[in-house]
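Take a look at the letters that make up each chain.
There are 2 protein chains.
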Amino acid sequence: MSTPEQMIAAVHAYVAAFDAGDPELAVAIFADNAVVEDPIGSEPRVGTDAIRQFYTESMATGAKLHLSGPIRVAAAHAAFAMQVRLHWDGTDMVIDVIDTFAFNDEGKVTEMKAYFGPTNMSGG
Amino acid sequence: MSTPEQMIAAVHAYVAAFDAGDPELAVAIFADNAVVEDPIGSEPRVGTDAIRQFYTESMATGAKLHLSGPIRVAAAHAAFAMQVRLHWDGTDMVIDVIDTFAFNDEGKVTEMKAYFGPTNMSGG
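Chains as they are written, first to last, in the UniProt record's numbering: chain S, 1 to 124; chain G, 1 to 124.
Since the hints were made in silico from the structure, they are not lab data.
All figures in this text were calculated on a predicted structure; none of them were measured in a lab.
Check each hint, because a few of them may be wrong.
Stated by the list, open to error - The calculated lysine to any residue pairs, modelled on SDA-like cross-linking and capped at a C-alpha distance of 25 Å, are:
| no. | chain 1 | residue 1 | chain 2 | residue 2 |
| --- | --- | --- | --- | --- |
| 1 | S | Lys108 | S | Met1 |
| 2 | S | Lys108 | G | Pro39 |
| 3 | G | Lys108 | S | Pro39 |
| 4 | G | Lys108 | S | Lys108 |
| 5 | G | Lys64 | S | Gly69 |
| 6 | S | Lys108 | S | Gly47 |
| 7 | S | Lys64 | G | Pro70 |
| 8 | S | Lys64 | G | Ser68 |
| 9 | G | Lys108 | G | His87 |
Chain S with its partners taken away, still in its complex shape (with noise of 0.2 Å):
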């Protein structure tokens, strides 16, 4: 079982990735089997490679994430929102998200959702 104060790290950490701008510091939270689901509704990406190929393309657009309120931790899950803030076809954007983590023994991220849609985007 992941403890909370593992589970609250793996947060930061993805936060932190963003902020260097450095996709493997986001993979390196996840399992090797992994699914993100970002948006949720959306293709899944599953496995290392295509987890890695995404945070690339994230990062690449400059996006710095902005935690809004505690962490939320419950058994093997976390849920946060955030403000994300990134330049996207020539203009500053604003993306209000909340994301979830289900995290396996190892405090490994097993899956990952993201719930935003064009309701939460604002041009800056």
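Add chain G to chain S, keeping to what the hints say.
Here is chain G on its own, set in the frame of chain S:
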């Protein structure tokens, strides 16, 4: 497919149900066979009768919901951050919670999960 407007309205109806202290108003947002997992990792409540009993007990604590930031909406899903303020065992409490809702084509909630744990609770 549920529209963003339907999903946002369902979240506001859920908050209003707690404001009114009326479990039937909460039950009304759910599909007949819905699953409520609150907190995530606990035994799910399945179906209208179990969901009614759960919200009757929850509202007996005087719990009120205060949204923290915008409701996130994606595909057939919503997520929202909030504070639950309640009176439990002689003490005022605040719990930081994130809920996720999944919707059917009629705009009813089929699955609800609540993310919070001991690290998200504080005495008032």
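Hint by hint, here is what the structure shows:
1. S/Lys108 <-> S/Met1: holds, 10 Å
2. S/Lys108 <-> G/Pro39: holds, 21 Å
3. G/Lys108 <-> S/Pro39: Status holds; Cα separation ~21 Å.
4. G/Lys108 <-> S/Lys108: Violated, at roughly 33 Å.
5. G/Lys64 <-> S/Gly69: holds, 18 Å
6. S/Lys108 <-> S/Gly47: Cα-Cα ~13 Å, so holds.
7. S/Lys64 <-> G/Pro70: Within the cut-off at roughly 19 Å; holds.
8. S/Lys64 <-> G/Ser68: Holds - the C-alpha atoms of G/Ser68 and S/Lys64 are around 20 Å apart, at most 25 Å.
9. G/Lys108 <-> G/His87: Judged against 25 Å, a Cα distance of about 29 Å means the pair is violated.
Consistency with the previously given hints fails for numbers 4 and 9, ordered from lowest to highest.
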